[in-house]
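S.K.: Can you make the complete structure from the sequences, with help from the hints?
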Amino acid sequence: MPPAYLLIALLGLSTAAYYVGRRKAFALAGRAEGVVKLHSRPTYHGALTALWCAIPALLIFGFWLVFESQVITHLVVKDLPESIRSLPADRLNLVINDIRNLASGNFVSQATDPASQAAADHYRRLRSISHNALALITIALMAAGAVFVRRRIAPGLRARNQVEKILTVILVACSTIAIFTTIGIILSVIYEAIRFFNIIPVTDFLFGLDWSPQMAIRADQVGSSGAFGAVPVFLGTILISAIAMVVAVPIGLMSAIYLSEYAGKRLRAIAKPLIEVLAGIPTVVYGFFAALTVAPVIRDWGTWLGLDVASESALAAGLVMGIMIIPFVSSLSDDFINAVPQSLRDGAYSLGATQSETIRQVIVPAAIPGIIGGVLLAVSRAIGETMIVVMAAGLSANLTVNPFKAVTTVTVQIVTLLVGDQEFDSPKTLAAFALGLILFIVTLCLNIIALYVVRTYREQYE
Amino acid sequence: MNNAINSSAAPAPRRTIDIVNRSLKRRYRAERRFRFYGMAAIVLSLVFLALLFVSIVAKGYSAFSQTYIRLAVFFDPVVLKQDTLVNADYVALVRESLFKKFPQVEGRQDKRLLASLVSSGSVYQLRNMVLKDPELVGKTVEVWLPADDDIDMLIKGHFRRDLPESERRVSDKQIAWIERLEAERRLERKFNTTFLTAGDSREPELAGIWGAVSGSFFTLVITLSLSFPIGVAAAVYLEEFAKKNRWTDLIEVNINNLAAVPSIVFGLLGLAVFLNFFGLPRSAPLVGGLVLTLMTLPTIIIASRSALTAVPPSIREAALGVGASKMQMVVHHVLPLALPGMLTGTIIGMARALGESAPLLMIGMVAFIVDTPKGFTDPATVLPVQIYLWADSPERAFVERTSAAIMVLLAFLVVMNAGAIILRKKFERRW
Numbered sequence: 001m002p003p004a005y006l007l008i009a010l011l012g013l014s015t016a017a018y019y020v021g022r023r024k025a026f027a028l029a030g031r032a033e034g035v036v037k038l039h040s041r042p043t044y045h046g047a048l049t050a051l052w053c054a055i056p057a058l059l060i061f062g063f064w065l066v067f068e069s070q071v072i073t074h075l076v077v078k079d080l081p082e083s084i085r086s087l088p089a090d091r092l093n094l095v096i097n098d099i100r101n102l103a104s105g106n107f108v109s110q111a112t113d114p115a116s117q118a119a120a121d122h123y124r125r126l127r128s129i130s131h132n133a134l135a136l137i138t139i140a141l142m143a144a145g146a147v148f149v150r151r152r153i154a155p156g157l158r159a160r161n162q163v164e165k166i167l168t169v170i171l172v173a174c175s176t177i178a179i180f181t182t183i184g185i186i187l188s189v190i191y192e193a194i195r196f197f198n199i200i201p202v203t204d205f206l207f208g209l210d211w212s213p214q215m216a217i218r219a220d221q222v223g224s225s226g227a228f229g230a231v232p233v234f235l236g237t238i239l240i241s242a243i244a245m246v247v248a249v250p251i252g253l254m255s256a257i258y259l260s261e262y263a264g265k266r267l268r269a270i271a272k273p274l275i276e277v278l279a280g281i282p283t284v285v286y287g288f289f290a291a292l293t294v295a296p297v298i299r300d301w302g303t304w305l306g307l308d309v310a311s312e313s314a315l316a317a318g319l320v321m322g323i324m325i326i327p328f329v330s331s332l333s334d335d336f337i338n339a340v341p342q343s344l345r346d347g348a349y350s351l352g353a354t355q356s357e358t359i360r361q362v363i364v365p366a367a368i369p370g371i372i373g374g375v376l377l378a379v380s381r382a383i384g385e386t387m388i389v390v391m392a393a394g395l396s397a398n399l400t401v402n403p404f405k406a407v408t409t410v411t412v413q414i415v416t417l418l419v420g421d422q423e424f425d426s427p428k429t430l431a432a433f434a435l436g437l438i439l440f441i442v443t444l445c446l447n448i449i450a451l452y453v454v455r456t457y458r459e460q461y462e
Numbered sequence: 001m002n003n004a005i006n007s008s009a010a011p012a013p014r015r016t017i018d019i020v021n022r023s024l025k026r027r028y029r030a031e032r033r034f035r036f037y038g039m040a041a042i043v044l045s046l047v048f049l050a051l052l053f054v055s056i057v058a059k060g061y062s063a064f065s066q067t068y069i070r071l072a073v074f075f076d077p078v079v080l081k082q083d084t085l086v087n088a089d090y091v092a093l094v095r096e097s098l099f100k101k102f103p104q105v106e107g108r109q110d111k112r113l114l115a116s117l118v119s120s121g122s123v124y125q126l127r128n129m130v131l132k133d134p135e136l137v138g139k140t141v142e143v144w145l146p147a148d149d150d151i152d153m154l155i156k157g158h159f160r161r162d163l164p165e166s167e168r169r170v171s172d173k174q175i176a177w178i179e180r181l182e183a184e185r186r187l188e189r190k191f192n193t194t195f196l197t198a199g200d201s202r203e204p205e206l207a208g209i210w211g212a213v214s215g216s217f218f219t220l221v222i223t224l225s226l227s228f229p230i231g232v233a234a235a236v237y238l239e240e241f242a243k244k245n246r247w248t249d250l251i252e253v254n255i256n257n258l259a260a261v262p263s264i265v266f267g268l269l270g271l272a273v274f275l276n277f278f279g280l281p282r283s284a285p286l287v288g289g290l291v292l293t294l295m296t297l298p299t300i301i302i303a304s305r306s307a308l309t310a311v312p313p314s315i316r317e318a319a320l321g322v323g324a325s326k327m328q329m330v331v332h333h334v335l336p337l338a339l340p341g342m343l344t345g346t347i348i349g350m351a352r353a354l355g356e357s358a359p360l361l362m363i364g365m366v367a368f369i370v371d372t373p374k375g376f377t378d379p380a381t382v383l384p385v386q387i388y389l390w391a392d393s394p395e396r397a398f399v400e401r402t403s404a405a406i407m408v409l410l411a412f413l414v415v416m417n418a419g420a421i422i423l424r425k426k427f428e429r430r431w
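Heads up: the sequence lines are chains A and B, in that order.
Using the working numbering, read the first sequence as starting at 1 and increasing by one per residue.
Using the working numbering, read the second sequence as starting at 1 and increasing by one per residue.
Please note: incorrect hints may appear among the correct ones.
Said to hold, decoys possible - List time: in silico SDA-like cross-link candidates among lysine to any residue, alpha-carbon distance up to 20 Å:
| hint | chain 1 | residue 1 | chain 2 | residue 2 |
| --- | --- | --- | --- | --- |
| 1 | A | K165 | B | G323 |
| 2 | A | K165 | B | L320 |
| 3 | A | K405 | A | W301 |
What the hints assert, rightly or not - Under 10 Å between C-beta atoms, here's a sample of chain B residues computed to sit facing chain A:
| hint | residue |
| --- | --- |
| 4 | V20 |
| 5 | N257 |
| 6 | L280 |
| 7 | V366 |
Keep in mind the hints are simulated off the structure, nothing from the lab.
Where is the CB? At the ideal position from N, CA and C, for every residue including glycine.
M.R.: Encoded structure:
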């Protein structure tokens, strides 16, 4: 039985368990006003039965699926002929992949040899055994759980308290997922990054000036030795983010000021959501816009002015990224400008300041910590932005700050290194995780600082 | 500076009001300038927005039509033997009918040019016709076949006819044939159903978005069914049950940080954990959905928490006062009142997940997949990734298809966000 059907069965059975438990409780209570005799209302007895029916089975189900494929692969590899098993790890992985593909009925690159066909059959057999066993075990567990609770149902059973306790545990578990996600990110990125730093020294990576991650396929190949000095990549990221901020900060800040201080109700009601629309557009759309509309225009203008502009210039990507970031800057600044107490404005006006003087000399300085927090968040968004730069910025790692040249960024490199065929022990693939680690650390620091600034600022006027 | 010059010429003003009056003009100018900058900033961002939409619609609307050529196809019994209907030489049928239409064409090269007027995918159309109705064999039928993408681009005016022959992809001879076909009303632009119903293809005229749309659907089903319950549960715990201590503080900081972690990092997590550690299938909506769940959870938790805080404490106190337990108070009273706000946040989170592509590139959803996925573990791609893939294709015809796919994606997003707004308007309650 495929796992998906099992889940449906689980749902049906626990619903049934609910009614079984409830009926038993009603039966115990007897007719007319008998429910008062019970400690908990019959629905709680039902709920308790359903929970006991579903939860153990779900846990087993989850664990089983998580480890199933590893166990089966291990078993299959054990039975492979000696000649295949003694292959190096990466080749063995390819063979295993082929076997898995064969087993799930997909096409495989090479013609199938009998050994892997046999292994695939073996794999499929094991998998069907595993699925059947899983079905049997979970259904047995569900029945056992339901029967167990049903037998315990008595007028004195504190069903409500038990249900609530179980629910609380579930709530706590759900709220810890955020922590597990963070731990998962850190562990997975650090683990691969350390493997990378075992091959390439950290200092070479952080301070090297040459980035060409293509590894030689043959030992005697010329020109592609692989160099992992990430400075050009970092510089490209900084360049594009800087261009983006140059676009986004003035426009975002000024529109926030105008909307919150000058604009009438109607303009505000129309313009504000429209600007927010910019934040809701998928980044892949911006990427397309940058690559096919903005970049050619910039190149044509550049040629017209006699400049040498690359077709994948940093300017195009940065400009479009800036447009994307405008709403981040403007909506956060807007919040903080609105949070400045009216008394400050009134004070400035009463001294005879014009509105713009009040804004420039009183309101903005008062809101500046919040605005800085917003800008930092926007910077972290710019650094981590992927699709725009993947589509509109180049791949060549030039060490330049000329916005008309093509540069590459951390995210572009991660994508190009990881999309397509991968071997998990080549520095090329691992380099992506090292870059990811740097990206994560930098954005994390920016976020923490920004959130801290924003938080302390919020408290200031509350 | 004006001040200084004036004060040396005229007797220095004594009263403050004079100094103020003299500077007023300049200050009002500065005021107007400042106001203008603000207006300009807003206008500029709205112009960007308009430009974005206009350029995409202008590029993309033509993808919803496609050029078709009507040919009298003779279903030759010599080619179509009874037992080999599935893999008979349908190319020959198309070629023959073209040669019959233009009998004066001779020479291998010219014949090849002529045959390339019609899409290479038309053979599937003919095959399906024959398989559906084997009676056709031996008859001559007028069939509308899709034109090749180059011809399509020429008809739509994306290739200019007045360029020298060496600079365009369609030769003079082909243009002459096309003009004859047009004159005989055998060449027409019709609504492009293929674009909405087909999967991906290397040939622009055969490529469609249905495969990507279903991939997005399966991915979002996983995301929604995991992130909504988990997000709501987490928010309820943090807002209603958790005591304020170091542990809950840690969780809170974590959630806020995760909301700002670049999406591509979630892709790295998915690659390292779901694919390499747990061995889940590559390119599957299941894995995509899991990654997007982790990504949207913070958004949903934050939105749900603010929906919970908006419920006034008096309701909680009233429930507790009549003897409800804390859980009953939350489940029976607070949650129903906060649900519209939570749903709004969830829809917005889903809209963001629908538009997300970077983390999905990491887990292999960029593969070239022709078949429409039928389940959660079939290899699939999603709409934004499809857009990315097409944007990379060199054919001119893919540009308009990319734009059209973007229009479809934006339409979905507009519908979702409009739903969220309606929900908010309808259930918004001021306490």
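S.K.: Any of the earlier hints contradicted here, and which numbers?
M.R.: none
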